[in-house]
Amino acid sequence: VRFGGITRDVCLECQPDAVVGDFVLVHVGFAIARIDRQEAARAWAVLTDIGQTDEIATPEVES
Amino acid sequence: VKYLDEYRDGAVAESLTREIAAAATRPWVLMEVCGGQTHSIVRYGLDRLVPSVELVHGPGCPVCVTPLEMIDRAHAIASRSDVIFASFGDMLRVPGSRGDLLRLRSQGADVRVVYSPLDAVTLARRHRDREVVFFGIGFETTAPANAMAILQAHKERLDNFSMLLSHVLVPPAIASILQAPGNRVQGFLGPGHVCAIMGFREYEALAARYRVPIVVSGFEPVDLLQGILYAVRQLEAGRAEVENQYARTVAREGNAPARALLREVFDVVDRKWRGVGAIPKSGFRIRHEYRAHDAERKFAVDDIETRESPLCISGLILRGLKRPSDCPAFGRQCSPETPLGATMVSSEGACAAYFQYGRRGVA
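Order-wise, the sequence lines are chains A and B. Heads up, the working numbering is the position in the first sequence plus 37, with the first residue counted as 1. Heads up, the working numbering is the position in the second sequence plus 3, with the first residue counted as 1.
Mixed in with the good hints, there may be bad ones.
Interface residues of chain B toward chain A, partial, derived using beta-carbon atoms under 10 Å [to be verified]:
1) D12
2) S18
3) L19
4) V116
5) T145
6) Q155
7) N258
8) Y293
So the derived label-pair ranges between C-beta atoms look like this [as the list claims (entries may be wrong)]:
9) B/L314 / A/A55: 41 to 49 Å
10) B/R160 / A/F40: 28 to 36 Å
11) A/A55 / B/E159: 20 to 28 Å
12) A/L49 / B/Q182: 34 to 42 Å
13) B/R290 / A/R45: 23 to 31 Å
14) A/R45 / B/R128: 13 to 21 Å
15) A/F40 / B/E244: 32 to 40 Å
16) B/R255 / A/R39: 23 to 31 Å
17) A/R39 / B/Q182: 40 to 48 Å
18) A/A82 / B/V272: 42 to 50 Å
19) A/D54 / B/L7: 19 to 27 Å
Once the Cα atoms are required to be at most 20 Å apart in a straight line, the calculated SDA-like pairs of lysine to any residue come out as [stated by the list, open to error]:
20) B/K158 / A/C48
21) B/K158 / A/E50
22) B/K158 / B/P260
In case anyone wonders, no lab produced these hints; they're calculated from the structure. All C-beta atoms in this analysis are idealised placements derived from N, C-alpha and C, irrespective of residue type, glycine included.
Given these sequences and hints, build the entire structure.
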């Protein structure tokens, strides 16, 4: 897993479905969760709905 | 970094603070349970952005709530000449009754900092002639990695690997705070990474039983502000439900393989929390089947009489009854260089966060 320039082996025992290219949440050398891209996109849509939608660039989300 | 920078966006944060101000018709008291959230709140000054909401810091710093007896046991085990004692870095400076582990290392003990419990298993594999003991502390977030280390050592028959375990669980602590006389907390920001493992069914039971909103929240400023907004809206509407602000990481059922791993290696037992006291069914112990890797069984350590600093008020801080800046020793006798209590040591401790971000003598 690459963390902004640093690469380290992490235990994927509890993330059996993770594939190369996924974003995972790593804690003490252990992948505990996979970041759900669809949920991330949906949550961002809710956030950009609050108030000044126009000023915020919606990030590009691959799905 | 994707999924991170967006959640530090100033414009979104600003519109959220306006929404919170518009939603709140009266002051509300919320508690963030996790030390990582406390750190983010103090770092970004979020509590000052939302004056209608009082944020109380909870007992969510794993290093801080590890009982003094455990630090003293660690000290006694690490003093043995046949032991390599491995720990996360922030445990080393936590003051015990007889000093901290870092000082013990300076006196010649083999105390090592590791990044992961699995690194401690590697040490045991490399040093078969030594006893390798890992100090396994933390909340549910860290527990699967510790369980995995025990399982791995068990599979490889590394009988020189053991763990001094002091694991605690969040839901019983929330219940204990809500049951305490004089409790002021009206709603919670739930611990996102704990729930990434455990899911949030247990929190639904708490919300229903004690009639409090719980919003499972992330750790970035936008996550926390959104969590506050959802909690305030529930309070204003008289609702008490679990909402999941952190759905990009947390699912209702949590992480099934990780939970299976915890059931395999650990039993739930009563645990003592430093500064808080004993809480029923609030922690883990190593199951009988894996007892060969339980450092408490392996190294009979006599109970040492424990002694807390008489000046330190970390117990009141961990229960949300006082703020770090209320402590007369804060920034004077007590600093991260010379900590009197655990809340000043750990990067997740409320006192360390206040000190680091310049909240000295400010209410």
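Outcome of the hint check:
1. The beta carbon of B/D12 comes within 7 Å of a beta carbon in chain A, closer than 10 Å, and the hint placing it at the interface holds.
2. Given the 10 Å rule on beta carbons, the hint for B/S18 holds: about 3 Å separates it from the nearest Cβ of chain A.
3. Below 10 Å, beta-carbon pairs count as interface contacts, and B/L19 has one with chain A at about 6 Å; its hint therefore holds.
4. A hinted interface residue such as B/V116 counts as satisfied when its beta carbon comes closer than 10 Å to some beta carbon of chain A; here the least separation is about 12 Å, so the hint is violated.
5. For B/T145, the suggested interface contact is upheld, since its CB lies about 6 Å from the closest CB of chain A, less than 10 Å.
6. At a threshold of 10 Å, the smallest CB-CB gap from B/Q155 to chain A is about 9 Å, leaving the interface hint in force.
7. Taking 10 Å as the C-beta contact cut-off toward chain A, the hint placing B/N258 at the interface holds, the least distance being around 6 Å.
8. At a threshold of 10 Å, the smallest CB-CB gap from B/Y293 to chain A is about 16 Å, leaving the interface hint violated.
9. Our hint of 41 to 49 Å for B/L314 and A/A55 holds, since their Cβ atoms are close to 48 Å apart.
10. Separated by about 33 Å at the C-beta atoms, B/R160 and A/F40 satisfy the suggested range of 28 to 36 Å.
11. Between A/A55 and B/E159 the C-beta distance comes to about 24 Å, which sits within the given range of 20 to 28 Å.
12. At about 39 Å, the CB distance of A/L49 to B/Q182 agrees with the hint of 34 to 42 Å.
13. Between B/R290 and A/R45 the beta carbon distance is about 30 Å. The supplied range of 23 to 31 Å therefore holds.
14. Range check, A/R45 to B/R128: about 18 Å between beta-carbon atoms, so the 13 to 21 Å window is met.
15. Checked against the hint of 32 to 40 Å, the pair A/F40 and B/E244 passes, with Cβ atoms roughly 35 Å apart.
16. Range check, B/R255 to A/R39: Cβ separation about 30 Å, and the 23 to 31 Å hint holds.
17. A hinted range of 40 to 48 Å holds for the C-beta pair A/R39 and B/Q182, which are about 45 Å apart.
18. With their beta carbons about 44 Å apart, A/A82 and B/V272 fall inside the hinted range of 42 to 50 Å.
19. Between A/D54 and B/L7 the Cβ separation comes to about 22 Å, which falls inside the hinted range of 19 to 27 Å.
20. Distance hint between B/K158 and A/C48 is fulfilled; the C-alpha atoms sit about 16 Å from each other, no more than 20 Å.
21. Restraint check for B/K158 and A/E50: satisfied, since their Cα atoms lie roughly 15 Å apart, inside the 20 Å limit.
22. Our distance criterion of 20 Å between C-alpha atoms is met by B/K158 and B/P260, whose separation comes to about 18 Å.
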